[in-house]
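Number of protein chains: 2
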Amino acid sequence: MAFSPLVRELMEALRCLPGVGPKSAQRMTFQLLQRDRGGARRLAEALAAAADGVGECRECRTLTEEPVCAICASPRRERSLLCIVENPADVSAVEEATDYGGLYFVLKGRLSPLDGIGPAELGLDALESRFAGGEVREIILATNPTVEGEATAQYVAEMARARGIVVSRIAHGVPVGGDLEYVDSGTLSHAFAGRREYR
Amino acid sequence: MAFSPLVRELMEALRCLPGVGPKSAQRMTFQLLQRDRGGARRLAEALAAAADGVGECRECRTLTEEPVCAICASPRRERSLLCIVENPADVSAVEEATDYGGLYFVLKGRLSPLDGIGPAELGLDALESRFAGGEVREIILATNPTVEGEATAQYVAEMARARGIVVSRIAHGVPVGGDLEYVDSGTLSHAFAGRREYR
Ligand SMILES: [Zn+2]
Ligand SMILES: [Zn+2]
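Protein chains in written order, with full-length UniProt numbering: chain A, 1 to 199; chain B, 1 to 199.
In short, the hints are calculated from the structure, not lab data. Hints are not guaranteed to be accurate.
Just so you know, same-sequence chains aren't split out, so a pair can sit in one copy or run between any two.
To be verified - In silico SDA-like pairs for lysine to any residue, Cα to Cα no more than 20 Å straight-line:
(1) Lys23 to Thr187
(2) Lys108 to Val147
(3) Lys108 to Arg35
The shape of chain A in the complex, shown without the other chains (with noise of 0.2 Å):
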């Protein structure tokens, strides 16, 4: 073997990052042995920190080291306003494409009975006790407009419909099959903004 086992270990390990293969992962270890110490100092650093430090919100599920998060704890949200999103990174598209001034729920996946992601592991039980709160007057289901996706929305409507609650879908205009967390700005502005009443 060519390699000495510390570049080889750290070929293996950018494995683990999705889409690395093992020709990308040579040339991202040769790229930071020989150019760049210093980004693979502050990678080490940033993973490790992130990796023991990173928790969820107590509220909305999304990944941070707070309790809660900034927007959970932000007195200048909406309280009575909740949008519903599948991931962390949908949160952001969110907040960058559009002037929604209300609060999140990270559903952290949607439901797929075949892998075994039902209602506990969406944390539905926690969104229940919200709902139960009187707090949410209104909900906006953002799930992808996949099969799962339209799934876990309508699951959401029936808790939130039989709580009181206004409950709307963010418009079709995302591309259908297509995944909230890629679609530009513009689409999902609209998308937002032309929200229905969910039935």
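Dock chain B with the ligands against chain A, hints included.
Coordinates of chain B with the ligands only, in the frame set by chain A:
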């Protein structure tokens, strides 16, 4: 901003990897924090260990944490034969594709006056001393078949000829303008077997 400081810093630090833009940095961050913290910690350790521990072989200049790499230290390699390559990855490519049994010298680049890369940056003074030592009797030029790779081969060939060392160049068959590191094993093996004396 929708992301907490530790999450944001991880996204930014991932950008030091070649080919990683903002969207893939975000995807990597969520993949690691939501599904693979073990992978993140392993990668953090591998990066720190390699960034601090890996230096270069004092004989061939390849990346290694030992003073002398495993190939240079091996008693089974033919010490009169030296293969000149641009990068550590090329050592690995030749090792995997051929039954070459000599030593290597890694330039860590190619002559490129406009980028300030001259003979000193490629360690050619050390190579000159090695030629002067008399152990090397034949070199195989395996720099990439690009304009700069050819110019580098010519330069090293002249140094070697001045010492009466036999010089060969790996055969074309490696696509011209291509990068040795990405050539399939069959082509590289063929190019190696079909090398000719370099004039
Ligand atoms: Zn929160
Ligand atoms: Zn060596």
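Hint-by-hint comparison with the structure:
1. In this homomeric assembly, Lys23 and Thr187 come within 20 Å of each other (Cα to Cα) only across copies, at 17 Å, whereas the closest approach inside a single copy is 35 Å.
2. In this homomeric assembly, Lys108 and Val147 come within 20 Å of each other (Cα to Cα) only inside a single copy, at 16 Å, whereas the closest approach across copies is 51 Å.
3. Only between protomers do Lys108 and Arg35 lie at most 20 Å apart by alpha-carbon distance; the minimum there is 11 Å, versus 37 Å within a single protomer.
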